[in-house]
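As you go down the protein sequences, you meet chains A and B in turn. For the record, in the first sequence the residue sitting at position 103 is 103 according to this note's numbering, with numbers rising by one throughout. For the record, in the second sequence the residue sitting at position 31 is 31 according to this note's numbering, with numbers rising by one throughout.
Be aware that one or more of the hints could be misleading.
As the list claims (entries may be wrong) - Chain B residues, not near chain A, derived (Cβ > 12 Å throughout):
hint	residue
1	30
2	52
3	56
4	114
Claimed, not checked - Simulated pairs of lysine to aspartate or glutamate, EDC-like, Cα-Cα distance not exceeding 16 Å:
hint	chain 1	residue 1	chain 2	residue 2
5	B	57	A	100
6	A	49	B	68
7	A	68	A	100
Worth flagging that the hints you see were computed from the coordinates, not collected in a lab. Predicted, not measured: the structure shown is a model, and the values here were computed from it. We treat Cβ as the ideally placed atom computed from N, Cα and C, and that holds for glycine.
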Amino acid sequence: AQSVTQPDIHITVSEGASLELRCNYSYGATPYLFWYVQSPGQGLQLLLKYFSGDTLVQGIKGFEAEFKRSQSSFNLRKPSVHWSDAAEYFCAVGAWANNDMRFGAGTRLTVKP
Amino acid sequence: GAGVSQSPSNKVTEKGKDVELRCDPISGHTALYWYRQSLGQGLEFLIYFQGNSAPDKSGLPSDRFSAERTGGSVSTLTIQRTQQEDSAVYLCASSLEPRQGIEQFFGPGTRLTVL
Chain A
1 AQSVTQPDIH
11 ITVSEGASLE
21 LRCNYSYGAT
31 PYLFWYVQSP
41 GQGLQLLLKY
51 FSGDTLVQGI
61 KGFEAEFKRS
71 QSSFNLRKPS
81 VHWSDAAEYF
91 CAVGAWANND
101 MRFGAGTRLT
111 VKP
Chain B
1 GAGVSQSPSN
11 KVTEKGKDVE
21 LRCDPISGHT
31 ALYWYRQSLG
41 QGLEFLIYFQ
51 GNSAPDKSGL
61 PSDRFSAERT
71 GGSVSTLTIQ
81 RTQQEDSAVY
91 LCASSLEPRQ
101 GIEQFFGPGT
111 RLTVL
C-alpha cells in the first residue's frame, strides 16, 4: 500500500518569505498526489492535485507543487507567505483503482510577522 | 451544490456513554470515509464505504467503533462506551466512485470531548 512522509512536523517562516513543505511518497504505480490545507477549526481544503502531465502544478492561494518521480517527492511551495497561510498542511497519495488515499502526518506552518 | 456536512459540530459526553456522529456526503458521491484527528496528530483512517461493497473497516481502533451507511448516502459512526482517549475531531469525506474521481471532499468535522 502507498504511504506518505512529511519530514517536518512544524515550520516557522516570516511573512513575505518563501516556503517549501516537503512530501515523500511510496507507491509502486503511478501516484495521484494531493496537498490539503486545514485552517484552525476548519475541515480540509484541497490546495492542488497531480494526476498526470506537467509535473509542476498550480493550486489555489498562490501555491504550487512539483512532482519529481526520481525523488518520490511532491513538495509544496509558495514564493511569498502571508499571515493567513498559517495552518496545517497535509500531503496525500492515492490509488486510482480503489480510491485508497493515505495522508501524511501533516506540517504545521507558523507565520511570523 | 452542498458540500459534505457533519453533525453535531461539537459533542461533549461522559466516559462510558455511547455517541453517534453523522455524515451527509455530497450527492452522487458513492465513496465515503471516516477519519480521526487527535490533537496535534495527522489523519487516522477509520473506515471506507464504496457503493454496496463491504466496507473497509481496517482502521477501526477497537470493537467499540462501528459505522453504517444507509441507502448508500448518510453514514453514522458510533462509538460505544466512550473513553477519554476517544476525544478527537472526527472527519468525514466523500468522493466519486473509483476510476471516476479520487479527490476527497471533507466535512467540517465533529469535535468529540469525552469527560
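Hints, one by one, checked against the model:
Not every Cβ of chain A is farther than 12 Å from the Cβ of residue 30 of chain B; the closest lies at roughly 9 Å, contradicting the non-interface assignment. No beta-carbon of chain A comes within 12 Å of the beta-carbon of residue 52 of chain B; the shortest separation is about 15 Å. With a minimum CB-CB distance of about 8 Å to chain A, residue 56 of chain B fails to clear the 12 Å threshold, and the non-interface call is violated. Distance check on residue 114 of chain B: its Cβ is at least 19 Å (rounded) from any Cβ of chain A, clearing the 12 Å threshold; non-interface status holds.
Straight-line distance between C-alpha atoms of residue 57 of chain B and residue 100 of chain A comes to about 13 Å, which keeps the hinted pair within the 16 Å bound. With a C-alpha separation of about 30 Å, the suggested pair residue 49 of chain A and residue 68 of chain B falls outside the 16 Å cut-off, and the hint is violated. The straight-line distance between the Cα atoms of residue 68 of chain A and residue 100 of chain A is roughly 21 Å, outside the 16 Å bound, and the hint therefore fails.
Hints 1, 3, 6 and 7, counting from the list given before, are not met by this structure.
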